[in-house]
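Protein chains: 2
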Amino acid sequence: MAANHERRPTSHGGVTDAIKEAIIRGDFVPGQRLVEADLSDMFGASRAAVRSSLLELTNEGLVEKVQNRGARVRAVSLDDAIEISEVRMMLEALCAAKAAEHIDDDGIAELESIGERMSAAVSAGDVFGYSRLNELLHRRVRELSGQRTAARVLDRLRAQSVRHQFRLATQPGRPSVSLPEHLAIIEAICARDTAAADRAARRHLASVIDALRQAEAAEASVAGAG
Amino acid sequence: MAANHERRPTSHGGVTDAIKEAIIRGDFVPGQRLVEADLSDMFGASRAAVRSSLLELTNEGLVEKVQNRGARVRAVSLDDAIEISEVRMMLEALCAAKAAEHIDDDGIAELESIGERMSAAVSAGDVFGYSRLNELLHRRVRELSGQRTAARVLDRLRAQSVRHQFRLATQPGRPSVSLPEHLAIIEAICARDTAAADRAARRHLASVIDALRQAEAAEASVAGAG
DNA sequence: GCCTACGAGATTGTCGCCAATATTGTGGTC
DNA sequence: GACCACAATATTGGCGACAATCTCGTAGGC
Chain Z
44 MAANHERRPT SHGGVTDAIK EAIIRGDFVP GQRLVEADLS DMFGASRAAV
94 RSSLLELTNE GLVEKVQNRG ARVRAVSLDD AIEISEVRMM LEALCAAKAA
144 EHIDDDGIAE LESIGERMSA AVSAGDVFGY SRLNELLHRR VRELSGQRTA
194 ARVLDRLRAQ SVRHQFRLAT QPGRPSVSLP EHLAIIEAIC ARDTAAADRA
244 ARRHLASVID ALRQAEAAEA SVAGAG
Chain R
44 MAANHERRPT SHGGVTDAIK EAIIRGDFVP GQRLVEADLS DMFGASRAAV
94 RSSLLELTNE GLVEKVQNRG ARVRAVSLDD AIEISEVRMM LEALCAAKAA
144 EHIDDDGIAE LESIGERMSA AVSAGDVFGY SRLNELLHRR VRELSGQRTA
194 ARVLDRLRAQ SVRHQFRLAT QPGRPSVSLP EHLAIIEAIC ARDTAAADRA
244 ARRHLASVID ALRQAEAAEA SVAGAG
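Protein chains in written order, with this note's numbering: chain Z, 44 to 269; chain R, 44 to 269.
Just so you know, the hints here were simulated from the structure itself, not pulled from any lab data. Predicted model, so just to flag it, every value in this text is computed and none were measured. For glycine and all other residues, C-beta sits at the position ideal for the given N, C-alpha and C. Hints are not guaranteed to be accurate.
[Said to hold, decoys possible] Just so you have them, the derived chain Z footprint on chain R, three or more residues with Cβ under 8 angstroms:
hint : stretch
1    : 97-107
2    : 192-199
[What the hints assert, rightly or not] Quick look at which bits of chain R chain Z covers, simulated, 3 or more residues with Cβ under 8 angstroms:
hint : stretch
3    : 120-130
4    : 133-147
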């Protein structure tokens, strides 16, 4: 298993999405070589299509290419993840504030529904469901903000850091820390309080960075002890 | 002049840079169609090279491609420019704060030198020189911050908005508004005052957004009167 | 006179081949 | 026994040609 990339997208966009998904899902691990001919067989596309897809994904920060030495899945270090989270802190705060400004009644109902489902998922210990709601919440806030420039950047950064994101989500005790932060963001946006939304988003991302730093420290001590 | 794109880069990177420069310099105007065969002749490269360059520049937000309908130079609207400036406000503030944290004596000397030259350029009415120093200052702050993720994003956004940037710079009276803002950023960073650097960068970008909005209003009234 | 269907030209999308470069394995020499 | 030069292989980079698609002009029909 872990490999059912046997569609026939043939064309550029399809191959790009397929490879992107495979990287995000973890079918291709960080550092793994991506040989054009192999991908070409795997997805049933021409080498040219694979080639342009690889170029596009390089621009998105998901793969790294070296002249005449091929492409590999980009390995996002913990330092990179922290940098990404710092940028996200700024931009998610911007989007949260904008969302608070522009939100309508339908949006409020939707966000509140997401909040309730998140609480339920955490109560039920449904880590995976909570993780998906987490992603949904962040995406909806980005969309509701109407700030497409920031949304595009955040999309890319999120794709780059899914692995760290997921590791954090499965960390024991993490959901009970992040849930109230998420609820605070929802509450602020639904109250149309831009300043509070900004602060809540900042606090949440600061907490993410803290958690990453702790993971870094834990890993270092394990490495030292092992 | 306005057209001496007759190098022979042949390879991908060279063509990409050449087209990018041509767009940034204004040799290709917003909305202009970019026909692959024409570019291929113009730069002496194969169509495949031009093609991959166009794809890369699409990802950078400098050109827009439509399926089977070709590529055009992206026309960045005033609304787009304001969005971009909003994102820049967040990220330049982050970089300024980080720069204030990490800066060493050499960096301080360099920034102060840039500040002095900016003052001199404004005194002398050297708009073009001031504009170049402006870009230099922002770039050095990005680099000194050590935040490569933010720096990469800012690089792209800046390339997208050069046209608006330039129009602002040539607006009469604008330098005397932006100079003290720039000097405040330099002073805060050199004093290693992260909070002040953050505020100064925010204030500067807020002023840019204001200027853009005024340009929007002025244009609307001209359009209404004409 | 206007609308629709068709066709010629232009432009992009895709593919397979060949050359250039890096990597790996082998043999020889000190 | 280890190091270096060289050749074989694997992989990427670049190019030209062909097919698919779109645009625009033209002719025919209502």
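Hints versus structure:
1. 97-107: holds (count 4)
2. 192-199: holds (count 3)
3. 120-130: Holds: 5 residues of the stretch 120-130 of chain R have a Cβ under 8 angstroms from chain Z.
4. 133-147: As far as the stretch 133-147 of chain R goes, the hint holds, because 4 residues have Cβ atoms under 8 angstroms from chain Z.
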